[in-house]
Amino acid sequence: MSFLTVDRLNQVYTDVYTNEHTVAIDDVSFTIPAGEFVSLIGPSGCGKTTVLNIVAGFVEATGGAVQLEGVPVAGPGPDRGVVFQDFALFPWKTVLANVAFGLKMNGVGKAERQATAQEMIDLVGLSGFERKFPHELSGGMRQRAAVARVLATEPSIMLMDEPFASVDAQTRRVLQQEVLRIWDLRRTTVLFVTHDVDEAVFMSDRVIVLSTRPSQVQADIRIPIERPRSWTDMHTNEDFVSIRRELMGMLGVEGAEVAP
Amino acid sequence: MSVQTTAKTSRPDPPRRTGTSAAARWRALRRRPLVTTLFPFAVVIAVWAVVAELGVFPSAFFVGPATVADSLLTSVQRGILPAYIVDSLTRLAVGTGVGLLVGVALGFLIGLNRHARRFSWPLLLFFQAIGDIAWLPIVIIWFGFSLTSVTVVIVYTVVFPLIISIVAGLDAIPTNLLRAASSLGASRWRMFWEVYVPGALPGLSSGVRTGLGYGWRALIAAEIIIGTSGVGFMMFDARRQGDVSHVFVGMAVLGVLWYMTDALVLAPLEKETVERWGLVEGIGR
Ligand SMILES: Nc1ncnc2c1ncn2[C@@H]1O[C@H](COP(=O)(O)OP(=O)(O)O)[C@@H](O)[C@H]1O
Ligand SMILES: [Mg+2]
Chain A
1 MSFLTVDRLN QVYTDVYTNE HTVAIDDVSF TIPAGEFVSL IGPSGCGKTT
51 VLNIVAGFVE ATGGAVQLEG VPVAGPGPDR GVVFQDFALF PWKTVLANVA
101 FGLKMNGVGK AERQATAQEM IDLVGLSGFE RKFPHELSGG MRQRAAVARV
151 LATEPSIMLM DEPFASVDAQ TRRVLQQEVL RIWDLRRTTV LFVTHDVDEA
201 VFMSDRVIVL STRPSQVQAD IRIPIERPRS WTDMHTNEDF VSIRRELMGM
251 LGVEGAEVAP
Chain B
1 MSVQTTAKTS RPDPPRRTGT SAAARWRALR RRPLVTTLFP FAVVIAVWAV
51 VAELGVFPSA FFVGPATVAD SLLTSVQRGI LPAYIVDSLT RLAVGTGVGL
101 LVGVALGFLI GLNRHARRFS WPLLLFFQAI GDIAWLPIVI IWFGFSLTSV
151 TVVIVYTVVF PLIISIVAGL DAIPTNLLRA ASSLGASRWR MFWEVYVPGA
201 LPGLSSGVRT GLGYGWRALI AAEIIIGTSG VGFMMFDARR QGDVSHVFVG
251 MAVLGVLWYM TDALVLAPLE KETVERWGLV EGIGR
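In order, the protein sequence lines correspond to chains A and B. Heads up: the first sequence begins at 1 in full-length UniProt numbering, then just goes up one per residue. Heads up: the second sequence begins at 1 in full-length UniProt numbering, then just goes up one per residue.
Honestly, the hints are just simulated from the structure, not real lab data. One thing to keep in mind: the hints can contain errors.
Claimed, not checked - Reference listing, derived: stretches of chain A covered by chain B, where coverage requires no fewer than 3 residues with Cβ under 8 Å from a Cβ of chain B:
1) 47-59
2) 73-84
3) 90-99
4) 125-136
To be verified - Pair by pair, the computed Cβ-Cβ distance ranges are:
5) A134/B to T62/A: 44 to 52 Å
6) A34/A to W189/B: 30 to 38 Å
7) L38/B to S166/A: 42 to 50 Å
Bear in mind the structure is a predicted one, so any value in this text is a computation, not a measurement. We put the beta carbon where it would ideally sit given N, CA and C, even for glycine.
Pulled out of the complex, with its shape left as it was, chain B reads as follows (with noise of 0.2 Å):
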């Protein structure tokens, strides 16, 4: 369930009478969207000051929830932690435009083109087992620790799945759709924006999801790495002081910034076009 159809959907309990049972009332609490997304992270939070406030681990290397949002205030409030996500957000932003470009037009070439598939597709599989991270070492040297260097990456990373993808998708559009759209007079440019481009979305709304989860993945490598600000770089600063709270800072904001990518973008997207039209089924809802 998106987070922001919450405001539309949930509505004020009815006003009940003396009687109902705390189990009728649970059942109708459970069933608001706002409750139902927030309801496993209020568990696995409960279970982690649980396991805090025992004294499992040492607290130089565990720290509760308490210690967390405290540690996420002071950040917040002294203004670094949003600046880091402002950088973060920015590069991965440029990074995976630039990657959906160029592995979108790709995609449609080697797809739709037997002589770029045959020429590329070995390419592909080559130097797509070159993982993301693996690239770091020479583009340090390329391009040294610059924007540049972490764009190049996350670009690298975004790029694969998606041609995969693409290529997937074009290749699974019935034939009989590509026959009945030439019968009925479709030129090969309108073959193309009509039937191509919507029957390759299933596949390409799932190679931008796959892709921009890599290209997450590697923007924070990249600044653990090679980074002078961003989240990535923040939690690896704290480690170096010793400072495992705001480590645990940095993961929660890298989840929620990817749950928010997921609810406002990708989600909404989806729903309006493969999914409306039946060509998905509503990915985990």
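Looking at chain A on its own, in the form it has when it is part of the complex (with noise of 0.2 Å):
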């Protein structure tokens, strides 16, 4: 069953100034079965970021229509978990009040919705944090309380917009490893946005390749390395390196070469 369905994606912006129309998105279709990883590739500036705006309902698509089981998308909701590339912590909130905030929103008492903000906050690796507020923490950890929060409310989908584009390179592979461990336990859907094209093929099962604006689906590739996946072992992975190459040529990246 196909769980999240985009068909026909179309997407028109019009400059309030000049009035001058871009067509970022041409037509973009692909469907994601329930607990799949899915990330969405494709060169900069080419309707990524786009298409997850409307799949979070951010963004009124000018054509095409999104369902997620079913029911088509009309504005931002609790089913579809979003996370952001800059964290979108609440500065006013510690860590336990931003993870609960989903929770408290939802209409949760406040002693199970502590209970299970800790939960979560344990699970991303945050305990003893709770206290703090965002702008105390580091750029990984705020990513990691960012992730907390969504999961808290037991998403049906979670979207995630180039999340680790603001860590630092060694904190970026961190990361990428504790949230495919904790996706892990849970398998919720996934539809993953990065240009990275070592993270997307890392992270997920599949990787839909969008051409350049205005942008179609120009491949859909599956991953088929075995989970668990770790960096240390990535390198030697005859089916990491192949597909690697693969994506990188379509990106138009020729004669890359995988860093040792």
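Grab the two chains, each in its own frame, and use the hints to assemble them into the complex.
Structure below.
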């Protein structure tokens, strides 16, 4: 059963000052079955964020439709949890209150939501930082908190827009493994936007490649690498190496070799 | 550094043996909060005393700190100054209280409602241009030499900076915070209390600061023109009698009262909210 259906999506932006039209997405269709981890990659400016924003309900598409479990998407909602590149944690709330926020909004009692939030904080490895404010945390810790905040409400699907782009390379690898570890426990459906080929291949069951703007689906590639995955043996994995090369070629990054 | 933390943070100097240089002792002294706060004032007062002693200006125009302190003491002993301060502060409290209520309500309405904003923005700019004291003539015609007139002028000056700062604060809330809240299931009502209100606090607090400062000035202006009591009235009355030293007393009192408002009310509130959340850096600290 297809769980998320993105059907013939089209998005034209109109500049309010010049009245110029930009066709960001020409015609994008794909489906994601329940429990799959799917990455959306493509060159910068091809409309990845736009697709994710439409699925999240932040932007209304100029054409096409999105259905989640057969129900058309209209506006944002807690069934689709979003992890943002800039974390989007509430600066005036502690880590605990941030993680409990979704539960509070959905009428869960205080004791119960704090218990759940604590569980999520432990899960993402932030124990001991419950009372800290976001500005007191490192970038990596903030993104852990943001992931915990989304997990707490048990969304049907998680939407992540370049979630690790604002953290340093070292932390990024750790977080990629961490998110996979957590994902393995729950197998929530994930739509993951990135422009990083390595990240897409490492994380996903499937990688959908968008062409340059106005974008269409250029390729849809299955990643047969066994889970659990870890970066330590990834660069010697034949599937990883060959898929990576194939994707690099598609994105026009010719001659790229795997870093040792 | 706020004044009320002084008692907690200043410790006696560690016992010093002979041989400690004067410079080291001076450096240790300079680290004490009370000393840090008072030192700049001590310098100003010293310069003032020297200028007065040298007789650069005739004493009918310029008196020294000793004379001013003397006048201050007599007017405190006679009970005039305390009564005037209470009068001024009461007027300011009534005016800014009403101003805050009106300004905060209008600020959020205009900041969050598209129609309200389109309607009111040109009016805001127009009326903001008519400065506080420019209203005094018509206000006196309407309400006479009364507390109502003073209050109207203070409310007027407090409201505009407050509205504009709140609108700017609301506009500065990152889109992704609003998106995050709504995707986590926040209703419009919840969004208001959980995101818009705290998100607008940096704007609100700077608006309160500006508004209160303007209100304070408007109060003194109003007291000078229509007052029968209060610090502003005292200064103007002293001028009429050629009593320069009481004019100086009034000026010093204004400065001290504002400093205390900042140190006892504004700074602690900001410390607990916007500074704690990392939304603004400590102001002037
Ligand atoms: N709100 C907007 N208004 C106008 N143009 C936009 C808007 N958002 C995105 N675009 C344009 O649409 C195209 C796709 O943007 P985006 O979805 O952010 O791409 P990506 O995330 O793949 O880098 C870009 O050319 C961008 O300039
Ligand atoms: Mg993007």
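In rising order, the numbers of the hints this structure does not comply with: Violated hints: none; all satisfied.
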